[in-house]
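Using the sequences provided together with the hints, build the complete structure.
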Amino acid sequence: MLFRKIEAYIANHLQSGSDKILVVDGARQIGKSYIIREVGKKLFPNYIEVNMETDKVGDRIFAEAKTVDDFYLALSSIAGDKMQQKENTLVFLDEIQAYDHLITLLKFLREDDKFTYIASGSLLGVTLKTTSSIPLGSIEIKHMYPLDFEEFLIANGMGNLVLETVQKNYAQRKAMPEPIHAKLMDLFRKYLLVGGLPDAVNEFLATKNITKVRKIQEDIHHLYGVDASRYEDSHGRLKIQRIYEMVPSNLENKKKRVVAKDIENKVGKRMSDYAEEFDYLISSGITLEVKAISKPSFPLIENSGKNLLKLYMNDVGLLTNIFFGTNIKAIMEDIPSINLGSVYETVVAQELKAHGFQLYYYDNKKNGEVDYLIDDMANLSVLPIEIKSGKDYKVHSALDNFLSVKEYNIHEAFVMSNAQKVEVKDGITYLPIYYIMCLKPQDQQVILE
Numbered sequence: 001m002l003f004r005k006i007e008a009y010i011a012n013h014l015q016s017g018s019d020k021i022l023v024v025d026g027a028r029q030i031g032k033s034y035i036i037r038e039v040g041k042k043l044f045p046n047y048i049e050v051n052m053e054t055d056k057v058g059d060r061i062f063a064e065a066k067t068v069d070d071f072y073l074a075l076s077s078i079a080g081d082k083m084q085q086k087e088n089t090l091v092f093l094d095e096i097q098a099y100d101h102l103i104t105l106l107k108f109l110r111e112d113d114k115f116t117y118i119a120s121g122s123l124l125g126v127t128l129k130t131t132s133s134i135p136l137g138s139i140e141i142k143h144m145y146p147l148d149f150e151e152f153l154i155a156n157g158m159g160n161l162v163l164e165t166v167q168k169n170y171a172q173r174k175a176m177p178e179p180i181h182a183k184l185m186d187l188f189r190k191y192l193l194v195g196g197l198p199d200a201v202n203e204f205l206a207t208k209n210i211t212k213v214r215k216i217q218e219d220i221h222h223l224y225g226v227d228a229s230r231y232e233d234s235h236g237r238l239k240i241q242r243i244y245e246m247v248p249s250n251l252e253n254k255k256k257r258v259v260a261k262d263i264e265n266k267v268g269k270r271m272s273d274y275a276e277e278f279d280y281l282i283s284s285g286i287t288l289e290v291k292a293i294s295k296p297s298f299p300l301i302e303n304s305g306k307n308l309l310k311l312y313m314n315d316v317g318l319l320t321n322i323f324f325g326t327n328i329k330a331i332m333e334d335i336p337s338i339n340l341g342s343v344y345e346t347v348v349a350q351e352l353k354a355h356g357f358q359l360y361y362y363d364n365k366k367n368g369e370v371d372y373l374i375d376d377m378a379n380l381s382v383l384p385i386e387i388k389s390g391k392d393y394k395v396h397s398a399l400d401n402f403l404s405v406k407e408y409n410i411h412e413a414f415v416m417s418n419a420q421k422v423e424v425k426d427g428i429t430y431l432p433i434y435y436i437m438c439l440k441p442q443d444q445q446v447i448l449e
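Per the numbering used here, the very first residue in the sequence shown carries number 1; after that it's consecutive.
It is worth saying that the hints were derived from the structure and are not from the lab.
Every residue, glycine too, gets a C-beta built ideally from N, C-alpha and C.
A couple of the hints might just be wrong.
[To be verified] Capping the alpha-carbon separation at 20 Å, the derived lysine to aspartate or glutamate pairs in DMTMM-like fashion look like this: (1) K174 x E164; (2) K394 x D334; (3) K86 x D69; (4) K256 x E245; (5) K295 x D376.
[As the list claims (entries may be wrong)] Restraint ranges, calculated between C-beta atoms of paired labels, are given here: (6) R37 x A63: 20 to 26 Å; (7) M377 x Y34: 31 to 37 Å; (8) L43 x I301: 35 to 41 Å; (9) K269 x V405: 29 to 35 Å; (10) G137 x S404: 43 to 49 Å; (11) N209 x D100: 37 to 43 Å; (12) H143 x S249: 25 to 31 Å; (13) A182 x A63: 55 to 61 Å; (14) E252 x K440: 27 to 33 Å; (15) K269 x Q84: 54 to 60 Å; (16) G137 x D69: 19 to 25 Å; (17) D112 x E252: 51 to 57 Å; (18) S297 x D262: 30 to 36 Å; (19) I301 x N339: 29 to 35 Å.
Written out as structure tokens, the structure is:
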């Protein structure tokens with residue numbers, strides 16, 4: 001079983017006595033159902049699981065269950081012997097977005113307090129925007145993502161001592177010993193190939209066969225494309241599919257951002273014309289948005305009104321499959337002619353998002369672009385991060401221009417690369433790329449005594 005950090009969160013919630021129903025949200029094939037099932041079976045003697053997508057295309061037992069009594073009757077038809085007491089009975093409503101009315105019904109199931117409940121949804125972000133009555137006070141939504149790099153390291157046998165040393169050395173701005181650095185970089189490059197989708201990771205662990213890993217990634221990428229066909233408006237479906245298909249090619253462009261006129265090859269189109277399509281792709285979890293900011297200040301969310309947007313794939317393994325297929329040399333060997341900038345930016349977006357950051361980048365006509373901006377909670381400032389995949393990692397004119405603007409009040413800046421050495425120069429801290437696993441919002445919070 002793959003270690004997932006969210007397991008402890010789910011277990012703590014189910015054991016906390018919270019009066020809110022936990023709803024785990026995220027893209028398909030990231031392991032939501034599996035981890036809930038594992039936790040649920042450990043904690044509750046009476047574990048009941050209902051996949052609403054399966055029910056919808058099958059017997060439709062829950063299609064008309066719009067009251068608490070109707071729901072109990074439907075549930076009893078498939079698991080009546082397991083419907084015991086709240087303390088020992090967990091009801092897992094998988095793919096709850098298949099039935100809008102069940103999302104509304106969660107409020108009344110919570111109030112009735114007969115059983116313990118948990119739910120998951122794959123297109124939940126999309127469904128909630130169209131649900132007439134969202135039980136906000138009755139549910140707690142937790143977003144889930146593919147395995148992050150630390151989880152991938154654990155899956156590959158990396159011990160706690162190394163992981164703790166990485167965290168400690170990052171905090172102290174120290175380098176890892178060269179042999180450990182080499183091992184971490186080897187696994188980081190493999191993470192770029194495999195990504196964090198559980199089926200792909202498990203296949204890699206079992207066989208080390210890149211062809212089999214790529215087949216899994218191709219199937220999931222196709223599934224994500226098929227999800228666009230669930231969009232109600234047929235014209236909107238085509239635009240969603242087109243935008244999703246454009247993500248890899250956009251990342252190879254110098255600016256990397258989405259250009260409205262390229263979506264339908266129509267001059268005069270604006271980003272606002274595709275607001276619903278972008279919203280679908282982002283809310284479904286299959287793409288990660290990075291918003292542009294031209295004049296940053298803390299907190300960044302107050303500055304994100306600029307109508308420029310980058311989209312990244314939610315899993316770096318999907319991207320490297322599209323770019324390189326089964327040829328692993330492009331990733332595993334430093335080939336000067338191959339630019340891995342977009343691959344490195346994707347893995348950083350995936351990592352930061354999994355850790356709870358909102359994603360922004362700096363875009364200024366005068367000063368240029370900086371890859372990422374995140375809130376620096378400790379200093380009530382902004383932390384710029386530049387990602388470098390090559391050997392010229394100390395060349396960063398846009399970051400230099402950014403730091404020269406005194407009104408931005410920047411306390412620290414990061415450049416992350418393949419280099420082992422950690423050093424600070426001119427306000428910039430140079431760190432190995434795998435230290436991205438150490439950036440977490442809670443680490444920057446000030447604790448009040």
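Results of checking the hints against the structure:
1. Restraint check for K174 and E164: satisfied, since their Cα atoms lie roughly 13 Å apart, inside the 20 Å limit.
2. With a C-alpha separation of about 17 Å, the suggested pairing of K394 with D334 holds against the 20 Å cut-off.
3. For the hint linking K86 to D69, the alpha-carbon distance of about 16 Å falls within 20 Å, and the restraint holds.
4. Proposed proximity of K256 and E245 is supported: the alpha carbons are some 14 Å apart, at most 20 Å.
5. In summary, the hint linking K295 to D376 is supported, as the alpha carbons are separated by about 16 Å, within the 20 Å threshold.
6. In this structure, R37 and A63 meet the distance hint of 20 to 26 Å, their C-beta atoms being roughly 24 Å apart.
7. Between M377 and Y34 the beta carbons are some 33 Å apart, a value that agrees with the proposed interval 31 to 37 Å.
8. Distance hint for L43 and I301: a CB-CB separation of about 36 Å, consistent with the stated range 35 to 41 Å.
9. Checking the proposed 29 to 35 Å range against K269 and V405 shows it holds: the Cβ atoms sit about 32 Å from each other.
10. Checked against the hint of 43 to 49 Å, the C-beta distance between G137 and S404 comes to roughly 48 Å, which is consistent with it.
11. The hinted range of 37 to 43 Å is satisfied by N209 and D100, whose Cβ atoms lie roughly 41 Å apart.
12. For the pair H143 and S249, the beta carbons lie near 27 Å from each other, so the given range of 25 to 31 Å is met.
13. As the Cβ distance of A182 to A63 is approximately 56 Å, the hint placing it in 55 to 61 Å holds.
14. Between E252 and K440 the Cβ separation comes to about 30 Å, which falls inside the hinted range of 27 to 33 Å.
15. Evaluation of the 54 to 60 Å hint for K269 and Q84 yields a pass: the beta carbon distance comes to about 57 Å.
16. One distance hint, 19 to 25 Å for the beta-carbon pair G137 and D69, holds here, with the actual separation near 22 Å.
17. Distance hint for D112 and E252: a CB-CB separation of about 54 Å, consistent with the stated range 51 to 57 Å.
18. The given range of 30 to 36 Å is respected by S297 and D262, whose C-beta atoms sit roughly 31 Å from each other.
19. Distance hint check for I301 and N339: the Cβ-Cβ separation is about 32 Å, which falls inside the suggested range of 29 to 35 Å.
Hint check: no violations occur; every hint is consistent with the structure.
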